[in-house]
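K.L.:
Sequence:
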Amino acid sequence: KDDGHGGLWIATYNRILHKSSEDGIPTIPSALAEKSEFINKSIMSLASNPSELWLGYRAAGVQRFSFETNELTSFGTDTTNPLSSNAASCMLLLDSGVSVVGTYGGGVNLIVRTGEVSILRNETESLTSLGRFLVMLYQARDKTIWVGTEGGLFQLDTYNLSLIPQPIEEKP
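So for the sequence shown, this note's numbering puts the first residue at 833; every next one is plus one.
Hints were generated in silico from the structure; no laboratory data involved.
Beta carbons: idealized from backbone N, C-alpha and C, even for Gly.
Any given hint could be a false lead.
What the hints assert, rightly or not - Have a look at the derived ranges for each label pair, beta carbon to beta carbon:
{"hint": "1", "residue 1": "Ser-906", "residue 2": "Ile-860", "range": "28 to 34 Å"}
{"hint": "2", "residue 1": "Thr-946", "residue 2": "Leu-878", "range": "33 to 39 Å"}
{"hint": "3", "residue 1": "Leu-985", "residue 2": "Ile-860", "range": "32 to 38 Å"}
{"hint": "4", "residue 1": "Ile-996", "residue 2": "Ile-842", "range": "42 to 48 Å"}
{"hint": "5", "residue 1": "Glu-1001", "residue 2": "Glu-900", "range": "45 to 51 Å"}
{"hint": "6", "residue 1": "Thr-909", "residue 2": "Asp-989", "range": "20 to 26 Å"}
{"hint": "7", "residue 1": "Thr-844", "residue 2": "Ser-906", "range": "18 to 24 Å"}
{"hint": "8", "residue 1": "Thr-909", "residue 2": "Lys-975", "range": "27 to 33 Å"}
{"hint": "9", "residue 1": "Ser-906", "residue 2": "Glu-1001", "range": "40 to 46 Å"}
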């Protein structure tokens, strides 16, 4: 993931690395090396902007690291503002400051800058089963947010906090 300064964030299964544009060798950033919480947690997703880095884990929720304050904030099923699941399979940071966390089994969670969490509670048939297992989040140029799940393709409506099923046409 581009860091906004010509460098690159790289998440491996058990480590976070940074490759700067100057030296080209991936390293563990010193500010993060002190945070042992980033090591050996089965990283499944990564999102960043110039001021923060977000990591999603297989079974340990999500962590946000602020480059400005060096603060690490954790989100999970047992935190003050709980997530719907600790399996963070994909993430997307919106220009509005909202972090979209897709979980594997718990659907979509939205985290605002203050740390408050909103969980999309859509009771359509498609979301009570395979639609809660997210595998992809993508924001198009027109700001449409696409959500890929084991149950199909959806469009995320952040205003109404809902997922809209998208028909898929099979062409011969």
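K.L.:
Against which earlier hints does the structure fall short, listed by number upward?
P.N.:
1, 2 and 4
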